[in-house]
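K.L.:
Given next are the chains, with one letter for each unit.
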Amino acid sequence: MKMNVKIENLLEELYQINPDFKAHEKTLKTLIKELLESNPNVEMEGSFSDLLREKIVHKASQLKDQKAQKSNFNFNHFIKQILFPFTGGVLATVMVISVINPLFETGQFDPAIISGIEARIAEVDASLNTCVKSSLTLSEESTATFYHKPEGLQKIKEEYLGETGKTIHKYFYEDEKLAHVIHETHEYNRPIYWNETKATEMNDDEFFDPEKTVVKSSAYYFENDRLIQWIDEEGAVINIEQDITQALQGNHLVQRSQALIWRYDSKKE
Amino acid sequence: MESKLIQNCQKGHLEDFTGLYDAYSKAIYQFIYYKTHHRETAEDLTSLTFMKALKGIEKFNSDKGSFKSWLYQIARNNVIDHYRSNKVTQNLEDAWDLKDDTQIERDADFLLRIEAVEKYMKKLKPNQREVVLLRVWGDYKFREIAQIMGKSEIACKMSFKRVIEKLREDFTPFMLLMLFIK
Numbered sequence: 015m016k017m018n019v020k021i022e023n024l025l026e027e028l029y030q031i032n033p034d035f036k037a038h039e040k041t042l043k044t045l046i047k048e049l050l051e052s053n054p055n056v057e058m059e060g061s062f063s064d065l066l067r068e069k070i071v072h073k074a075s076q077l078k079d080q081k082a083q084k085s086n087f088n089f090n091h092f093i094k095q096i097l098f099p100f101t102g103g104v105l106a107t108v109m110v111i112s113v114i115n116p117l118f119e120t121g122q123f124d125p126a127i128i129s130g131i132e133a134r135i136a137e138v139d140a141s142l143n144t145c146v147k148s149s150l151t152l153s154e155e156s157t158a159t160f161y162h163k164p165e166g167l168q169k170i171k172e173e174y175l176g177e178t179g180k181t182i183h184k185y186f187y188e189d190e191k192l193a194h195v196i197h198e199t200h201e202y203n204r205p206i207y208w209n210e211t212k213a214t215e216m217n218d219d220e221f222f223d224p225e226k227t228v229v230k231s232s233a234y235y236f237e238n239d240r241l242i243q244w245i246d247e248e249g250a251v252i253n254i255e256q257d258i259t260q261a262l263q264g265n266h267l268v269q270r271s272q273a274l275i276w277r278y279d280s281k282k283e
Numbered sequence: 153m154e155s156k157l158i159q160n161c162q163k164g165h166l167e168d169f170t171g172l173y174d175a176y177s178k179a180i181y182q183f184i185y186y187k188t189h190h191r192e193t194a195e196d197l198t199s200l201t202f203m204k205a206l207k208g209i210e211k212f213n214s215d216k217g218s219f220k221s222w223l224y225q226i227a228r229n230n231v232i233d234h235y236r237s238n239k240v241t242q243n244l245e246d247a248w249d250l251k252d253d254t255q256i257e258r259d260a261d262f263l264l265r266i267e268a269v270e271k272y273m274k275k276l277k278p279n280q281r282e283v284v285l286l287r288v289w290g291d292y293k294f295r296e297i298a299q300i301m302g303k304s305e306i307a308c309k310m311s312f313k314r315v316i317e318k319l320r321e322d323f324t325p326f327m328l329l330m331l332f333i334k
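First to last, the protein sequences are chains A and B. The numbering used here applies: residue 15 is where the first sequence begins, and numbers increase by one. The numbering used here applies: residue 153 is where the second sequence begins, and numbers increase by one.
Please keep in mind that the hints were generated in silico from the structure rather than gathered at the bench. It is possible that some hints are incorrect.
To be verified - Straight line, CA to CA, 30 Å or less: simulated BS3-like cross-link-like pairs of lysine-lysine:
#1 A:LYS16 to B:LYS274
#2 B:LYS178 to A:LYS69
#3 A:LYS230 to A:LYS78
#4 A:LYS226 to A:LYS180
#5 B:LYS211 to A:LYS180
#6 A:LYS191 to A:LYS281
#7 B:LYS318 to A:LYS20
My request is simple: use the sequences and hints to build the entire structure.
P.N.:
What follows is the structure, encoded as structure tokens:
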């Protein structure tokens with residue numbers, strides 16, 4: 015819209031609010047013109063807009079996962095703490111199996127498989143220097159590093175760097191299949207930018223100290239894209255047959271790993 | 153369309169939030185920029201605004217106001233918090249009230265641009281400046297300004313009227329001086 019039209023529109027609007035303004039038309043015209051001419055017309059830079067969009071996509075996915083885990087936990091809690099006492103163990107078991115059956119099978123896991131996977135992880139980590147390493151920027155704060163050998167993908171390290179901590183997912187593969195995932199959360203004592211100067215300025219007696227970072231780690235074991243074991247961050251082995259959260263979490267990690275591979279492949283093309 | 157996106161997000165389909173980001177990111181960025189006068193600060197606070205909205209969308213209640221108003225309220229609070237976190241600026245709500253000798257960064261090209269009106273704008277209260285900037289710079293209709301500010305349309309019009317009256321009173325001697333010089 016042209017400047018004159020804008021001025022006229024604004025004046026007209028002002029006269030409708032207060033007809034007395036008409037007596038000061040000349041001053042108002044100049045005033046409005048000054049205001050309009052001062053408009054900096056700022057635009058968000060495209061690169062920033064794209065980065066923020068990507069960051070939102072990433073955060074949305076993280077929140078969605080957290081929510082799914084929480085609701086699954088609640089459902090589990092409901093089954094174990096409320097449904098069992100009221101309807102009897104047998105009925106509840108039947109219900110649980112019927113609900114979660116598509117998500118995982120209830121067979122016993124073989125300890126030999128787990129030790130096989132652990133041996134595989136050690137082998138991959140020992141040979142990372144011989145892998146072809148390539149990085150992929152997922153968002154402003156997250157990257158994924160892919161380790162390939164001629165026989166196929168060995169490992170992906172996905173890292174999300176925040177101001178108050180970082181999360182790392184390490185995916186290990188055997189014969190192109192996901193075999194193991196280590197999930198680490200690093201919680202900083204203070205935000206990373208909270209240096210001594212900032213702390214003093216804000217009357218805080220503590221500043222960011224990497225030595226004080228709390229690291230928690232969980233380990234997931236897979237066979238044929240199915241979670242067969244989860245060791246939580248307390249080091250406790252979860253009974254996979256009694257907890258559907260694990261099945262859903264396993265499902266999610268498989269999908270997450272596939273999404274990373276898909277992004278890597280589409281970037282390569 | 154917007155209400156559908158919000159409903160989907162509230163049901164857990166947070167990937168739909170990008171639709172809301174696409175619809176409002178430019179306007180929110182501008183709104184924050186007009187209050188901070190600094191590109192990097194505006195980028196940081198825009199980012200913070202959308203992250204907070206994403207995390208809190210579950211709690212958004214359309215009975216209490218529009219999504220637009222809610223989003224702008226988050227942005228407004230972020231700007232206020234931004235100044236409150238700094239001892240020098242803790243009593244400010246936006247950059248218009250910064251003193252000339254302040255060390256707080258503001259974009260030089262922006263300051264040059266607003267030179268002519270800055271002294272008048274400084275005399276207004278932050279919410280009065282908001283009305284005038286949204287109407288004149290943002291080219292929003294009063295209906296939209298009412299949504300953004302969470303007030304009635306008539307209250308926004310009255311506020312605009314009072315602002316223009318005040319600006320006119322301050323502006324008249326300046327204009328007469330200019331005419332005299334010419």
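K.L.:
Hint by hint, say whether it matches the structure.
P.N.:
Verification of the supplied hints:
1. A:LYS16 to B:LYS274: holds, 27 Å
2. B:LYS178 to A:LYS69: Distance of about 16 Å is within 30 Å: holds.
3. A:LYS230 to A:LYS78: holds, 21 Å
4. A:LYS226 to A:LYS180: holds, 14 Å
5. B:LYS211 to A:LYS180: holds, 27 Å
6. A:LYS191 to A:LYS281: Distance ~21 Å between LYS191 (chain A) and LYS281 (chain A) Cα, so the pair holds.
7. B:LYS318 to A:LYS20: holds, 21 Å
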